[in-house]
Amino acid sequence: MAKKQFKAESKRLLDLMINSIYTHKEIFLRELISNASDAVDKLAYLALTDQNVGMSRSDFAIRLTTDEKMRTLTISDNGIGMSKDELEENLGTIAKSGSLQFKKEMDSAEDIDIIGQFGVGFYAAFMVADAVTVISRKYGENQAYMWQSSGADGYTVTPCERETVGTDVILKLKDDTEQEKYSEYLKEYELRNLVKKYSDYIRYPIQMEVERRRAKPKTDEQAETEYETYTEVETLNSMVPLWQKAKKDVTAEQYNAFYKEKFFDFDDPLAVIHTAVEGAVTYKALLFIPKKAPYDYYTKEFKKGLQLYSSGVMIMEHCEDLLPDHFRFVRGIVDTQDLSLNISREMLQHDFQLKQIAANLEKKIKGELERLRDKEREKYDEFFAAFGTQLKYGVLSDFGAHKDVVQDLLTFWSVKEKKPITFGEYVVAMAPEQKYIYYATGENREHLEKLPQMEIVAEKGYDVLLGTDEVDGFIPKTLGKFGEKEFCNVAQDDLGVEPPQAEEKNEENDAVFTLVKNTLGDKVSEVRASKNLRTHPVCLVPSSDMSFEMMKYLKRVNPEFHDDSGKILELNVQHPVFATLKEAATSDPQKAEKYAKLLYAQGL
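Under the numbering used here, think of the first position of the sequence shown as 2, with each following residue one higher.
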């Protein structure tokens, strides 16, 4: 029989389909299983109204068969099958989708999940096979037909025999090369892994005949145990995904087991979010908040994103667009039919549905974290110890665009409470006359609690929040205020608290300040009287809006960063040390210079 040409405009189009659309060759199995599932769907749908089908849901299945000697992999189904014309129309015309046409023809199409919308998935078979044979017998017909092709050169369609309705797709795998080992697709473990990865939740059993080994019954004459091999049909997929079940029908043990198996964690998740949404966008999601950060979480190697499924078929393993960066620690799955996929199903078009799902999930995640914060504080503190830094960076990202989402979730160490508290909890406990939310940032809490400026705030009975992460100094600057309360850095800003004794005017001490400034030179930009010291004689403060910790961080991430604003030396003019310095400035300037250097060292 003469070979027919594909009805596409050129051979180059098929070459493009095979070599460019799909980035991973293993996708071919997902596509062919999805096509088989579509075919079974169609016959199962007809069985609801046509008693002649003679099959119930439990009778449908997809079968994988390998022949290592012949290097063939066969994907079989007992679905609706294809006629001769349909073989030519669906397989002879690239991007002609029988599934989509069927869906359009059905009055109740919205009740049917049809995966193959583009008609190009079948051609992924040519990524791994140098010849493809399709044997199909359509429901209601006695004659079967065989479609054969070796690629872009064309195809043939000839009559053949098939005992039952359905379709066999037979791939003659390519020879192995140094770069590609096509023989792997004949191995049980590889097929099992691919089914588990991409097609685990296809609603029909995906079966394969596997070889097993067992001990023979022992006889009196046997010195050692003898073994025999046998074959059995095994179902490779679990079919019913956990997220498709109602929450009331799933136990905590099932959630935990699913999470640990699916996401390779040894610990149970800290929290589970199981949600189903119907409306403008319809989807089901099963999300997990881990207990601990994975080893590579704060590295470039970590891949954020949720697994994305469409009708039980995994489309993307890491869909980054479904999670904002501040919640990148969340693991889980989203299953929806509402997203527009491109023809390879490996990439998503950024459409309204995707953004809507992402926005809904962000609210769900925040709501669950707020529940933990308010109802299970020990769990929340455990979570924050693992992922709090991520939330803090979420405040800063995109120039503070997400600060309203994240700020309520942040906690900092309270000097008064001796535990982490939120900004909201701090504000509720504030004294009526207190103006600011006081904070301090540095390397550790012990040092921060000994800051000279802490004394005057403590005298008033005001609390101070301590931050020891590099990012902490940037957060108050980004937020500006929390509610109606502004932030105040105790080591830098005017604390808004009058000292217990009247401060001498700076003019009276100009000579002392000038001597100290001349002695220290460029080490300080200014010397002045302090408003914030109580029993300490001296402190150093930055002369810009950035704290010293912020400058250290910027210098570390950008060695070329340089802040020319310098340090300000503040002296406590009420302290006996200042009186000694003032007296020395008049009676022994050289001694006063030594005192100035000593005070600078103490300030450092």
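I should point out that these hints are in silico values taken from the structure, not numbers from a laboratory. All C-beta atoms in this analysis are idealised placements derived from N, C-alpha and C, irrespective of residue type, glycine included. A portion of the hints provided could be inaccurate.
Listed below are the simulated DMTMM-like cross-link pairs for lysine to aspartate or glutamate, each with C-alpha atoms no more than 25 Å apart in a straight line [stated by the list, open to error]:
no., residue 1, residue 2
1, K188, D177
2, K293, D339
3, K175, E164
4, K173, E162
Just the calculated beta-carbon pair ranges, DEER-fashion [to be verified]:
no., residue 1, residue 2, range
5, T300, K478, 26 to 36 Å
6, K198, E69, 16 to 26 Å
7, K198, T252, 21 to 31 Å
8, D470, E69, 48 to 58 Å
9, D409, D470, 14 to 24 Å
10, E233, T75, 14 to 24 Å
Outcome of range test on Cβ distance (D470, E69; 48 to 58 Å): This hint holds: roughly 57 Å between Cβ atoms.
May I ask you to test the hint 21 to 31 Å on the CB atoms belonging to K198 and T252? holds (25 Å)
Using the C-beta atoms of T300 and K478, is the stated range 26 to 36 Å upheld? holds (27 Å)
That 16 to 26 Å hint for K198 and E69 (C-beta), does it hold up? Hint holds: Cβ distance 22 Å, inside 16 to 26 Å.
With the threshold set at 25 Å, check whether the alpha-carbon distance from K293 to D339 stays at or below it. Between K293 and D339 the Cα gap is close to 33 Å, so the pair fails against 25 Å, i.e. violated.
Quick one, are K175 and E164 close enough, alpha carbons at most 25 Å? violated (29 Å)
For the pair supplied as a hint, K188 and D177, confirm whether the alpha-carbon distance does not exceed 25 Å. holds (14 Å)
Using the C-beta atoms of D409 and D470, is the stated range 14 to 24 Å upheld? Since D409 and D470 have Cβ atoms about 18 Å apart, the given range 14 to 24 Å holds.
Verify the proposed pairing of K173 with E162, using a straight-line Cα cut of 25 Å. holds (20 Å)
Using the beta carbons of E233 and T75, state whether their distance is inside 14 to 24 Å or not. The hint (14 to 24 Å, Cβ to Cβ) holds, given that E233 and T75 are roughly 18 Å apart.
In this structure, the hints that do not hold are numbers 2 and 3, in rising order.
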